[in-house]
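Now that you have both chains on their own, put them together as the hints suggest.
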Amino acid sequence: MKSLADITAIRDKMKNLIDTRESDEDTIRIVVGMATCGIAAGARPVLSEITAEIARRELHNVIVTQTGCIGICQYEPVVEVLVPGHEKVTYVNVTTDKVGRIISEHVIGGKPVAEFTYGRVAR
Amino acid sequence: MQELSLNILDVANNSVKAGAKLVNISLIYDENHLKLIISDDGSGMTKEVLNKLKDPFYTSRTTRKVGLGIPFLTLLAEQTGGYVEIESEVGAGTKITALFDANSIDMLPIGNLGSTASTLISGSPDVDFVFHISRGELEFILDSAEIKILLDGVPVSTPQVALFIEEYANDNFLQITESK
Numbered sequence: 001m002k003s004l005a006d007i008t009a010i011r012d013k014m015k016n017l018i019d020t021r022e023s024d025e026d027t028i029r030i031v032v033g034m035a036t037c038g039i040a041a042g043a044r045p046v047l048s049e050i051t052a053e054i055a056r057r058e059l060h061n062v063i064v065t066q067t068g069c070i071g072i073c074q075y076e077p078v079v080e081v082l083v084p085g086h087e088k089v090t091y092v093n094v095t096t097d098k099v100g101r102i103i104s105e106h107v108i109g110g111k112p113v114a115e116f117t118y119g120r121v122a123r
Numbered sequence: 124m125q126e127l128s129l130n131i132l133d134v135a136n137n138s139v140k141a142g143a144k145l146v147n148i149s150l151i152y153d154e155n156h157l158k159l160i161i162s163d164d165g166s167g168m169t170k171e172v173l174n175k176l177k178d179p180f181y182t183s184r185t186t187r188k189v190g191l192g193i194p195f196l197t198l199l200a201e202q203t204g205g206y207v208e209i210e211s212e213v214g215a216g217t218k219i220t221a222l223f224d225a226n227s228i229d230m231l232p233i234g235n236l237g238s239t240a241s242t243l244i245s246g247s248p249d250v251d252f253v254f255h256i257s258r259g260e261l262e263f264i265l266d267s268a269e270i271k272i273l274l275d276g277v278p279v280s281t282p283q284v285a286l287f288i289e290e291y292a293n294d295n296f297l298q299i300t301e302s303k
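Same order as they appear, the protein sequences are chains A and B. Per the numbering used here: the first sequence ends with 123, consecutive numbering throughout. Per the numbering used here: the second sequence ends with 303, consecutive numbering throughout.
It is worth saying that the hints were derived from the structure and are not from the lab. Incorrect hints may have been included.
As the list claims (entries may be wrong) - Incomplete in silico selection of chain A near chain B, CB under 8 Å:
#1 1
#2 15
#3 47
#4 55
Stated by the list, open to error - DSBU-like, lysine-lysine: derived pairs with alpha carbons at most 35 Å apart:
#5 158(B) to 2(A)
#6 140(B) to 13(A)
#7 140(B) to 88(A)
Stated by the list, open to error - What follows is a list of derived Cβ distance ranges for each label pair:
#8 13(A) to 264(B): 24 to 34 Å
#9 268(B) to 57(A): 24 to 34 Å
#10 72(A) to 198(B): 21 to 31 Å
#11 61(A) to 229(B): 39 to 49 Å
#12 259(B) to 72(A): 37 to 47 Å
#13 175(B) to 101(A): 40 to 50 Å
#14 278(B) to 45(A): 21 to 31 Å
#15 114(A) to 227(B): 19 to 29 Å
#16 74(A) to 174(B): 49 to 59 Å
#17 9(A) to 268(B): 16 to 26 Å
#18 9(A) to 262(B): 36 to 46 Å
#19 45(A) to 248(B): 15 to 25 Å
Yeah, the Cβ is synthetic: ideal placement off N, Cα and C, and Gly gets one too.
Excised from the complex, chain B in its bound form (with noise of 0.2 Å):
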């Protein structure tokens, strides 16, 4: 993966599969990290499970041998320095908290976050998705559930409305992600 956008994006997509009905997705910076926090209210995992998550020959799925979303987003962290940890309780919900250190020469940028946003909302139209980007003072909030209301029975999932969440969500994010 080129961005971090894209790690989010597929870290992500395990809440959708485990069953949550709300995800939420922080990135928390400072001067010399940046915290990302991924939460959900899905189904879950045992410990076994659990342990078995950061090898890249463990999977759930069926259609093909390996899981790379959590080795990879594991991988991207600690070649900064950081780290990922996993908290996860059956029938309560999964939490992955990521930190970078972001002045690392190895830190991934992060890239299209707006498409990462907007592909979330549209391709799960039946989940909510709040991003809460922040740096000191500032900070932005994008939940899906405000748009879904403002949207009035619209599909979120109308093209135009998609890209409108991908620009909206840009000139928002940039404004933090951005700043120094």
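Chain A with its partners taken away, still in its complex shape (with noise of 0.2 Å):
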């Protein structure tokens, strides 16, 4: 069983990383739909594999946000990927099977997974 003081072990580690970071321009930003709307559809499972997936490959250019809703209710989970100096890009009705490709392929990668954009779904 875990005991608090543990998180002393991940901060030590957290601090050399946040010393050595690139600036904040290179941040990259998911921001995960959190309301009434949000939860219901799944989307705290969505955060935590988008958490999840963060920790495991170690990216420390990238932050994860919660936002209220923001009126596609029936496209719930919404999943916005920033990447700094590129358009956003909004994913809808995301499940925990479609944060990998998300994160290999947009987050890493660079290329949007258009087939899971509001653009997309939506038509």
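Here it is, written out as structure tokens:
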């Protein structure tokens, strides 16, 4: 069983990484909708999977945040990926199964997964 | 919602939106009941708003016309034979109490409460959350302020930290929620 003091080991590791991190201009933001509509549609496990995938791949230039309802409740869970210098990409009906490809192809590879996007799904 | 912990996440997010700096979430189990209390020091609500709260066609948001958070929680409590009670004062905060008959066939499982804790704490780094879970003599308190002190400047939203919080919280929550 974990003890709260175990968090200090994570802290020390992260402190070293933060010091060597590239500037904020390179930071990729992933935003997960976490209003009633998102939560009911499965946003919490999607957020967990994104968080776990980023930790597993040790991506230190990515931050994950949460937002409220953006008005397309029927397409929740909604995940937005914001890469500096590129247009925002909105993924809809996201499931934990789709997270791996979004991270590897888009966040790491720089190429959005078109078939999961609002533009494609909502057509 | 398939887990009560998802409703807790949803309702606690209302406290965040109300500008709370501190949100207390208590789950008090006894032989037959679960009492859930979510209280905050946010902006509070007027009597008029309070009266409309259980109406699904009332919401303070502008992106859609329905607000289902409190109606969902109320439905879940009432279907077990329990209730939801809301006290609020403008400028002071809001306290939501939900009582569930834990033995009811319609009682929803609590689910992944650690994930709810981690989602709240990492999602709103400027807000503090205190989870207080008890059953008789058994008691566990998870206080985000304590975690932030240990982190010494490392953001609480760091993925590795969020994963740790979920696992640590669940290790301890389950000792109580799964005990009889």
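Evaluated hints:
1. The interface hint given for residue 1(A) holds, since its Cβ lies 5 Å from the closest Cβ of chain B, which is under the 8 Å cut-off.
2. Look at residue 15(A): its Cβ gets to within about 6 Å of chain B, closer than 8 Å, so that hint holds up.
3. Nearest Cβ of chain B to the Cβ of residue 47(A): about 6 Å, under the 8 Å cut. The hint holds.
4. At about 4 Å, the closest approach between the beta carbon of residue 55(A) and any beta carbon in chain B falls short of 8 Å, and the interface hint on this residue holds.
5. Simply put, residue 158(B) and residue 2(A) have alpha-carbon atoms about 27 Å apart, close enough for the 35 Å limit, and the pair holds.
6. A threshold of 35 Å between alpha carbons decides the hint, and for residue 140(B) with residue 13(A) the separation of about 33 Å falls inside it, so the pair holds.
7. This hinted pair checks out: residue 140(B) and residue 88(A) have alpha carbons roughly 24 Å apart, not beyond 35 Å.
8. Restraint check, residue 13(A) to residue 264(B): a C-beta distance of roughly 26 Å satisfies the suggested window 24 to 34 Å.
9. A beta carbon spacing of about 30 Å between residue 268(B) and residue 57(A) agrees with the range 24 to 34 Å that was offered as a hint.
10. The hinted range of 21 to 31 Å is satisfied by residue 72(A) and residue 198(B), whose Cβ atoms lie roughly 25 Å apart.
11. Checked against the given bound of 39 to 49 Å, the beta carbons of residue 61(A) and residue 229(B), roughly 46 Å apart, stay inside it.
12. At roughly 46 Å, the beta carbons of residue 259(B) and residue 72(A) sit within the given window of 37 to 47 Å.
13. For residue 175(B) paired with residue 101(A), a C-beta distance near 43 Å keeps the hint of 40 to 50 Å intact.
14. Against the hinted window of 21 to 31 Å, the Cβ-Cβ separation of residue 278(B) and residue 45(A) comes to about 22 Å, which satisfies the hint.
15. Separation of residue 114(A) from residue 227(B) is about 47 Å and departs from the stated range, judged on CB atoms against 19 to 29 Å.
16. Roughly 29 Å separates the CB atoms of residue 74(A) and residue 174(B), a value that falls outside the hinted 49 to 59 Å.
17. With their beta carbons about 20 Å apart, residue 9(A) and residue 268(B) fall inside the hinted range of 16 to 26 Å.
18. For the pair residue 9(A) and residue 262(B), the beta carbons lie near 26 Å from each other, so the given range of 36 to 46 Å is not met.
19. Residue 45(A) and residue 248(B) have their C-beta atoms about 21 Å apart, which keeps the hinted 15 to 25 Å range intact.
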